[in-house]
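Enquirer: Kindly generate the complete structure, drawing on both the sequences and the hints.
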Amino acid sequence: MIHESRATEVGVLLKAPMVKSHYILPSDDSEITRLNLQNQLLTREVCDGKLIFAPAELEHGDQVLESGTGTGIWLLSLAETIPPTISFTGIDIHTRLFPQEFPSNVSFLQRSITNLPAEWTERFKIVNQRLLIGGLTRKEWKKAIQEIHRVLVPGGWFQCIEPNIPLKTNIGPHTERMFAVVRDLLAKNGLVHDIVEVLGRKLSKTGFTNVQTHTVSLSAHRHEEEFNHRTLMEWFFLALKPGMLAQKLLQSEEEFGELMQSMLKEWDESPQVAWSWSVVYAQKRENNVGTAKFCIYM
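For what it's worth, my numbering labels the leading residue of the sequence shown as 1, then goes sequentially.
You can trust all of the hints, since none of them are fake.
When the alpha-carbon atoms are kept at most 25 angstroms apart in a straight line, the in silico SDA-like pairs for lysine to any residue are as follows:
1. K265 with N228
2. K202 with T137
3. K241 with H221
4. K265 with L238
5. K205 with S278
6. K202 with H214
7. K139 with D184
8. K205 with G190
9. K50 with F108
10. K168 with K265
11. K50 with S87
12. K248 with H193
13. K188 with E140
14. K188 with L232
15. K50 with I165
16. K168 with R138
17. K168 with L218
18. K202 with I91
19. K142 with N210
20. K248 with D184
21. K142 with R111
22. K241 with A187
23. K248 with T137
24. K143 with D184
25. K265 with L218
26. K202 with S276
27. K241 with I171
Please keep in mind that the hints were generated in silico from the structure rather than gathered at the bench.
Computed from a predicted structure; not experimentally measured.
Expert: Structure representation (structure tokens):
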């Protein structure tokens with residue numbers, strides 16, 4: 001059964017000073033389950049089972065940063081497979097999803113990726129980020145990339161996963177309308193629906209090299225597994241519902257429910273319904289960079 005999530009208001013000002021959120025997905029208790037299952041699915045299906053998809057080299061004493069860490073599931077999963085001499089830092093503008101218990105070489109801080117401490121310059125070997133399409137404006141993406149480049153050590157790697165929001169699905173009118181509403185919701189909040197298309201250029205302009213994009217198309221048909229890509233997509237739309245209603249993009253709960261059911265019916269009747277995801281990764285310049293030392297799998 002799909003359980004709806006409560007949504008936080010867009011633009012909520014947290015108690016920590018100068019931390020403002022444009023994030024349009026919820027950050028409540030029910031979101032913990034969705035984020036953890038989502039992380040497992042994307043790691044398995046999009047990243048070929050690898051927690052570190054970029055050809056990164058980790059050595060004793062290195063540090064790893066995750067932006068938008070949420071529940072910290074990616075960091076904690078990686079920490080289980082890496083020597084304790086490597087340290088991990090997870091940052092997020094919301095703290096409610098942070099885990100209560102974690103190893104001594106893992107820390108969680110309330111920080112925005114757009115404004116990192118000056119003392120973090122050239123500190124991290126890897127910066128990981130997943131699904132901030134619903135959290136960063138176009139201006140904030142530029143600042144975030146600049147900050148990521150600054151805090152990476154020379155030769156360090158940035159990797160992120162984002163969905164490809166289609167302009168046209170060729171599935172049916174109800175699916176077309178739902179995705180149009182999603183794009184409008186992102187646009188009304190200054191967010192970037194086509195971030196996958198522009199991210200590579202932004203990284204190159206900031207000084208990154210070896211910029212690569214790995215895209216995988218995942219079926220949205222019904223599946224015997226309890227949690228699968230279709231489930232993830234259904235949860236995604238349900239999580240966006242409060243924002244759609246608040247922005248008057250849909251007029252009522254009933255209109256959303258009817259559109260949702262009509263869209264899912266189109267998916268059942270379409271032989272090739274799918275949604276694509278991309279891993280974008282890039283390296284901060286350094287001469288004589290070695291090959292990967294660790295290949296981390298779920």
